[in-house]
Amino acid sequence: MKTTGKDIALNIFTWFLVLVFFFPVFWMVINGFKPEAVASSVNPSVIFTPVLDGYQTAMERGIGGYMLNSLIAASLSTFIAVALAIPGAYALSLRRVKKVEGTLTFFISTRFMPLAAVILPIYIILKNVGLLDNVWVLGLLYGAINLPITVWMMRSFFDEVPFEIVEAARVDGAGLYREIVRIVLPLVLPGIAAAALISFIFAWNEYFFATILTSADARTAPPFLGSFVDGRGQFLSTLSAAATMAALPVVIAGWVAQKQLVRGLSMGAVK
Amino acid sequence: MSTTSAVKAPSPQQDQEQVKKKIARTNRRLVQPAVFYLIIFTQVPFLVTIVFSTLNWNLLYPNDRGFVGFENYVNAVKGGELIPSITATVLITALSVVLSVLFGLLFAMLLNRNLPGRAIARTLMITPFLLMPAAAALIWKYSMFDSNIGMVNWLLDLFNLPDVSWSTDYPLITVVTVLTWQFTPFMMLILLAGLQGQDEATLEAAQVDGAGPFRVFTEITLPHLRMYVEIGVLLGAVIILQVFDPIAIMTKGTGGTKTLAYLLYERAFIGLDIGEAAAYGVITVVLTIIVATIALKTLFKVFMTGASR
Numbered sequence: 001m002k003t004t005g006k007d008i009a010l011n012i013f014t015w016f017l018v019l020v021f022f023f024p025v026f027w028m029v030i031n032g033f034k035p036e037a038v039a040s041s042v043n044p045s046v047i048f049t050p051v052l053d054g055y056q057t058a059m060e061r062g063i064g065g066y067m068l069n070s071l072i073a074a075s076l077s078t079f080i081a082v083a084l085a086i087p088g089a090y091a092l093s094l095r096r097v098k099k100v101e102g103t104l105t106f107f108i109s110t111r112f113m114p115l116a117a118v119i120l121p122i123y124i125i126l127k128n129v130g131l132l133d134n135v136w137v138l139g140l141l142y143g144a145i146n147l148p149i150t151v152w153m154m155r156s157f158f159d160e161v162p163f164e165i166v167e168a169a170r171v172d173g174a175g176l177y178r179e180i181v182r183i184v185l186p187l188v189l190p191g192i193a194a195a196a197l198i199s200f201i202f203a204w205n206e207y208f209f210a211t212i213l214t215s216a217d218a219r220t221a222p223p224f225l226g227s228f229v230d231g232r233g234q235f236l237s238t239l240s241a242a243a244t245m246a247a248l249p250v251v252i253a254g255w256v257a258q259k260q261l262v263r264g265l266s267m268g269a270v271k
Numbered sequence: 001m002s003t004t005s006a007v008k009a010p011s012p013q014q015d016q017e018q019v020k021k022k023i024a025r026t027n028r029r030l031v032q033p034a035v036f037y038l039i040i041f042t043q044v045p046f047l048v049t050i051v052f053s054t055l056n057w058n059l060l061y062p063n064d065r066g067f068v069g070f071e072n073y074v075n076a077v078k079g080g081e082l083i084p085s086i087t088a089t090v091l092i093t094a095l096s097v098v099l100s101v102l103f104g105l106l107f108a109m110l111l112n113r114n115l116p117g118r119a120i121a122r123t124l125m126i127t128p129f130l131l132m133p134a135a136a137a138l139i140w141k142y143s144m145f146d147s148n149i150g151m152v153n154w155l156l157d158l159f160n161l162p163d164v165s166w167s168t169d170y171p172l173i174t175v176v177t178v179l180t181w182q183f184t185p186f187m188m189l190i191l192l193a194g195l196q197g198q199d200e201a202t203l204e205a206a207q208v209d210g211a212g213p214f215r216v217f218t219e220i221t222l223p224h225l226r227m228y229v230e231i232g233v234l235l236g237a238v239i240i241l242q243v244f245d246p247i248a249i250m251t252k253g254t255g256g257t258k259t260l261a262y263l264l265y266e267r268a269f270i271g272l273d274i275g276e277a278a279a280y281g282v283i284t285v286v287l288t289i290i291v292a293t294i295a296l297k298t299l300f301k302v303f304m305t306g307a308s309r
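So the protein lines, in turn, are chains A and B.
Going by my numbering, the first sequence opens with residue 1, and the numbers climb by one from there.
Going by my numbering, the second sequence opens with residue 1, and the numbers climb by one from there.
Honestly, the hints are just simulated from the structure, not real lab data.
A few of these clues could be false.
Unchecked claim - Stretch by stretch, here's where chain B covers chain A in the computed footprint (C-beta under 8 Å, at least three residues): (1) 8 to 16; (2) 20 to 27; (3) 196 to 209; (4) 250 to 256.
Glycine included, each C-beta is placed from N, C-alpha and C at the ideal position.
Hey, can you work out the whole structure from these sequences and the hints?
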């Protein structure tokens, strides 16, 4: 195909829009490396001597510990969601369960359940048993939030496994455990990785539960960021540095998983 | 039953029935852990929320708790906060979903071409969606919309336009902007998958038949994308209906941005009124069901009848 002038104009237009769209992220990263006075100046500058002051202040305010909490909660929730979703999705896909649709509807309606509808009893119970501000409990709850989407996503991957392979394994007398772990799972490993990454991203970014159920010990990165600005002096550089640090792990995870992202977001409906 | 059939030689029919039963039992064993986990952590709390919503229960007066029926719902309506909150929730959701679908469609069309550096452009485009919502809200509030050092006002200055104090004067716009920015990549990815699933032959045939790009778009591409738009709108609407992060961080519910999730948070954790807050939680579920149903049924008829004629 020939590249015409119209194509080139459209390419330039596209790239212009993409860069405008990406600008806030770019600006966040840049501001994190500016000295505070430069970042908070009325005249924005792109030429400056980069410093790590913002990052240093963010570290001093303990962002490392909050990110560690996020890591624990997100990892635990991902592990739970994947561990429970694999057998469930397997049965729903390759074992031709009766009432598949009913079960799948149950999962999807749970995904659509607003967190606001469940937070009060959870808060009251945790408060009464002294488990507020516990990062492991937060992980357990995130596991429930992530489970439906993981089941749906895994099911869509299991659906692609040729049924003959499963049948052959059954004819060979492979037990259920062998059939799943040895024969089918290796075929859907990329799917498991993608489902795990998406679970991790959601849990890492979650704010509502985290801000209500944690205070000091178990505080994760999002509520830490949310309460970051205390109105004392200039803060844009430190804020940008902290936001960059907190966001970076899952931004990279999402970039790596971007081929599978759409599938996870649409719960396997769009491939 | 099973012991007797084990003694007698089982007929093939009985045998088959047994196998079926065993399969069903195994299937249940595989699915049940996930189902029980969700029942414990989501269904049960929801039922308890419904019970809470019928109680007169303020954490300041824990001994003064009792059943009041629908009083919390009546108070919610009478108190004058419920209706504006539903309006705010629906308005923010509708605006953000429609705008992100439109922008998402634009970017999907632009990226579904032979663009130099397409993979990089796509990677840059999905970043806002991956960005932690709390970080996105803060960055927009302080480095984009700030009245002194924000880049939006800096841009206005370039064109000699007067400064605007966005967060205080136009809180709704700031919230919708951030949500649209975060959900445009989401819609773009879904629509891009739709565009890539288009049948090349049909498109070429239409072009050979002399259909212009506009007609190809409205008569072939849009109807083809319908399913993808539906998925995007449904998922986007259900997620944005629960929106809390940008409200809590950017506006604190001022200026018509007090969504149901934020109102519940305020009633429960600042007002300590568990009963009324629970009522808002139940209302959120009802609203979610209504919006999800309407989004699927009506919206698309209006949008798509023109295109799919």
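Determine which of the earlier numbered hints do not hold for this structure and return their numbers in increasing order.
none
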